[in-house]
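Using the sequences plus the hints, can you model the full thing?
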Amino acid sequence: MKAQITSTIPITVMKYGIAVLLVLLLRAITPYTMVMHVDTGEAERYLFMNQLLASSLVLEKDGYAHVGVLDPAKISTLDQRITYDHRLAAKIILSNATGTLNSEGFFQEEWYKLWSVLVGKRGPGGTVKEEKIYYVLYQEGEKLIPGTVKIDVVMPIG
Amino acid sequence: MVCWSKKGAMEAETLVILADVFFLLLVSGVLLSELRDVQKNTTFEKAYVASDLAALLATIQVFAGDVVIEYTLPLTLTVELRGNEVVVSDDGAAVSHIFPKIITSTPVTLSSITKFKIVKKGREVTLL
Numbered sequence: 064m065k066a067q068i069t070s071t072i073p074i075t076v077m078k079y080g081i082a083v084l085l086v087l088l089l090r091a092i093t094p095y096t097m098v099m100h101v102d103t104g105e106a107e108r109y110l111f112m113n114q115l116l117a118s119s120l121v122l123e124k125d126g127y128a129h130v131g132v133l134d135p136a137k138i139s140t141l142d143q144r145i146t147y148d149h150r151l152a153a154k155i156i157l158s159n160a161t162g163t164l165n166s167e168g169f170f171q172e173e174w175y176k177l178w179s180v181l182v183g184k185r186g187p188g189g190t191v192k193e194e195k196i197y198y199v200l201y202q203e204g205e206k207l208i209p210g211t212v213k214i215d216v217v218m219p220i221g
Numbered sequence: 004m005v006c007w008s009k010k011g012a013m014e015a016e017t018l019v020i021l022a023d024v025f026f027l028l029l030v031s032g033v034l035l036s037e038l039r040d041v042q043k044n045t046t047f048e049k050a051y052v053a054s055d056l057a058a059l060l061a062t063i064q065v066f067a068g069d070v071v072i073e074y075t076l077p078l079t080l081t082v083e084l085r086g087n088e089v090v091v092s093d094d095g096a097a098v099s100h101i102f103p104k105i106i107t108s109t110p111v112t113l114s115s116i117t118k119f120k121i122v123k124k125g126r127e128v129t130l131l
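Protein sequence lines, in the order shown, are assigned to chains A and B. First residue of the first sequence: 64, per our numbering; consecutive thereafter. First residue of the second sequence: 4, per our numbering; consecutive thereafter.
I should point out that these hints are in silico values taken from the structure, not numbers from a laboratory. Virtual Cβ for every residue (Gly too), placed ideally from N, Cα, C. Possibly wrong hints are sitting among the right ones.
Here are the simulated distance ranges between beta carbons [stated by the list, open to error]:
| hint | chain 1 | residue 1 | chain 2 | residue 2 | range |
| --- | --- | --- | --- | --- | --- |
| 1 | A | Met77 | B | Ile106 | 56 to 66 Å |
| 2 | A | Arg185 | B | Glu16 | 19 to 29 Å |
| 3 | A | Ile72 | B | Ser115 | 45 to 55 Å |
| 4 | B | Val33 | A | Leu164 | 50 to 60 Å |
| 5 | A | Leu88 | B | Ser99 | 18 to 28 Å |
| 6 | A | Leu164 | B | Tyr74 | 38 to 48 Å |
Covered stretches of chain A, going by a simulated chain B footprint (3 or more residues, C-beta under 8 Å) [claimed, not checked]:
| hint | stretch |
| --- | --- |
| 7 | 72-81 |
| 8 | 86-93 |
| 9 | 100-109 |
| 10 | 117-123 |
| 11 | 147-159 |
Written out as structure tokens, the structure is:
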């Protein structure tokens with residue numbers, strides 16, 4: 064009888080193994096048969112850049128928001144004013160018209176440094192980077208200085 | 004040395020059968036729940052709505068004035084706004100998407116709806 068039970072163990076293990084494999088197979092096939100994820104990463108990156116220029120970095124003075132005019136002091140405090148978990152990270156560099164650096168800052172600096180070394184790696188685990196330079200005005204004392212703002216946005220794939 | 008009586012052997016066999024039945028029920032349950040989700044085939048719609056709403060909420064926060072947007076869903080869904088996350092669900096699994104939050108968002112859950120409003124008033128955004 065002991066031998067009978069011992070002989071049924073491999074068969075039982077095999078039966079259970081096949082059943083587990085079946086479930087895993089179904090899970091693996093499902094993403095190929097239906098759309099599980101909508102990739103809006105590119106739109107989100109551009110939206111974030113536009114949001115910085117239209118709202119988060121904009122100079123507010125005398126009760127008005129001056130769109131197109133940046134407040135350099137706001138660059139270093141982005142983390143306190145935007146909640147975006149760990150969806151994307153950014154580096155913002157504000158320079159004057161001759162290219163001299165005025166100020167630079169990060170949005171989620173720790174993640175920016177972690178993700179920027181993974182730029183170009185394909186598939187899950189990799190990241191994508193979007194760089195844009197915009198011509199802007201920024202406030203220095205009471206003057207408005209023409210300059211450029213370079214925004215690098217890094218985002219994990221998937 | 005272990006002695007196996009006829010009664011003991013039958014008990015062992017019954018246990019094996021019971022284990023088989025239990026495992027069969029477990030696997031069937033998992034398969035059926037997977038199939039239920041797949042058969043409904045609403046994952047795309049949920050993912051689409053969650054992404055679209057997240058993008059829309061990110062955009063209207065930047066709008067200078069107050070704004071009300073009427074949003075029509077492609078099917079009956081439950082939409083939840085919590086912090087900087089939009090969660091869309093039906094009877095099956097929920098799909099969520101986050102957005103950059105720069106103004107206050109009032110947490111709200113709208114159950115089984117086909118139409119709702121996105122309201123931005125002052126420095127606050129919510130769903131009604």
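These are the hints, each one checked on the structure:
1. A:Met77 to B:Ile106: 56 to 66 Å: Given about 59 Å between the Cβ atoms, the range holds.
2. A:Arg185 to B:Glu16: 19 to 29 Å: 54 Å, violated
3. A:Ile72 to B:Ser115: 45 to 55 Å: Since Ile72 (chain A) and Ser115 (chain B) have Cβ atoms about 49 Å apart, the given range 45 to 55 Å holds.
4. B:Val33 to A:Leu164: 50 to 60 Å: 58 Å, holds
5. A:Leu88 to B:Ser99: 18 to 28 Å: 27 Å, holds
6. A:Leu164 to B:Tyr74: 38 to 48 Å: 43 Å, holds
7. 72-81: It holds: at least three residues are needed, and the stretch 72-81 of chain A offers 3 whose Cβ sits within less than 8 Å of chain B.
8. 86-93: As far as the stretch 86-93 of chain A goes, the hint holds, because 4 residues have Cβ atoms under 8 Å from chain B.
9. 100-109: holds (count 5)
10. 117-123: holds (count 3)
11. 147-159: holds (count 3)
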